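S.K.: The whole structure should be built from the sequences, with the hints applied where relevant.
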Amino acid sequence: MMDELDLLKKDWKSREKDLPRLSHDDIYKMIWKKSSSNIKWIFIISAIEFLVGILITVFYHPARDEFKLPQIVDIITKGSMIVAVYYMIRFYLNYKKVSAASTVKGLLDAIMKARKTVKTYIIIMMSLGGIASIIASVYTYINQKGGWESFNENAHTNDYLLIAMVAVIATVLVLGIFLLIYFLLYGILMKRLKNNYKEIKKIEV
Amino acid sequence: MTKELEHSFVTHLEKNQNIVHKVCRIYTNNEAAHNDLFQEITIQLWKAYPKFRGEAKFTTWMYRVALNTAITLYRKSKRSIQTQDFEGVSHKIKFEQYDDTEEQQLKLMYKAIKQLNDIDKALVFLYLEDKNYAEISDTLGISEVNARVKMNRIKTKLKTILNP
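As given, the protein sequences belong to chains A and G, one line each in that order. Following the working numbering, the numbering of the first sequence begins with 832 at its first residue and continues without gaps. Following the working numbering, the numbering of the second sequence begins with 69 at its first residue and continues without gaps.
Errors might be hidden in some of the hints.
Stated by the list, open to error - Computed from the model, here is a short list of chain G residues facing chain A with C-beta under 7 angstroms:
no.: 1; residue: Asn-84
no.: 2; residue: Asn-86
no.: 3; residue: His-89
no.: 4; residue: Met-177
Rather than coming from a laboratory, the hints here were simulated on the basis of the structure. Source: prediction; values computed, not measured. For glycine and all other residues, C-beta sits at the position ideal for the given N, C-alpha and C.
M.R.: This is the structure in structure tokens:
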């Protein structure tokens, strides 16, 4: 038995040269795993956001019949769904890319790109939300005044100003809520990504 | 500060990475599992690094953290590791230029080691690494006597696995 174990010891040592060899960069990458987990969370949150969006449109119809919004709002809602799906896929691809990045430079690029994607996504979603809320508020206001024709007949400059104001206030409110949600959801992750990016950047030099 | 710490850590680890690879080799059976365990050990080492004050040798400390990580992970996924095949090991041995009996023996030995429990694997591993009982007891946090007794039991165990 002893002989066998010693034989094994010899073999064990002789196989040391076959061991894989990781570079300095490879090991650095492993301790930066946190970037990839942040980006994974971005993907997960976008998926949840999308699901919640679907659930709301499926189950929640705010008094559809008496309170009809123009079709364009509906189109924007559906459009934003498509945008959401598209970005969900992008977020997922970003996550894959960061996990697979094999060089420091590749990792930096991937993080940078991931941050950019999130920013574009937020800008697009907020613009869509803004446009929808302007249309909806103007439309609702005019409807309350008895429709476009009667409004147009009796309208003074003041009324047009009022409409503009209502639209602006409603939009600011909607966008404010959007911004708050996005800040809570993505802002923190984005900040962490930024910090990781800075740290890695320092080391790269 | 973080940067310096990271740099010294990575440099140390890069130089001594063979230890981690060897732990992975004892505890895993394929490349994917090997890489996963390597990464996990690296993260655990990095987390523990600020507490490493150079009281022990860096390599001794590495053996300890690496084995602890492997043992903990092994416990979590006991079944999946046990049911994996031994192809990787036996395949490699085929390329070595041993005579037939030696090769057969080695193949059986590696197979037998894979059947040991997590702690016993750690002991065999340290034994193969030429550690004496004082070092083994220090690394695994057991008494020297206990290490000796365990090692003798493992030898018996291996004997029964090899000659049923």
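S.K.: With 7 angstroms as the cut and Cβ atoms as the points, is Asn-84 (chain G) at the interface with chain A?
M.R.: Violated, about 11 angstroms.
S.K.: Using the nearest Cβ pair, does Asn-86 (chain G) come within less than 7 angstroms of chain A?
M.R.: holds, 5 angstroms
S.K.: Does the CB of His-89 (chain G) sit less than 7 angstroms away from some CB of chain A?
M.R.: holds, 4 angstroms
S.K.: Holds or violated: Met-177 (chain G) as interface residue toward chain A, Cβ cutoff 7 angstroms?
M.R.: Given a least distance of 5 angstroms, the restraint on Met-177 (chain G) holds.
Checked against the numbered hints above, the structure breaks only hint 1 and satisfies the rest.
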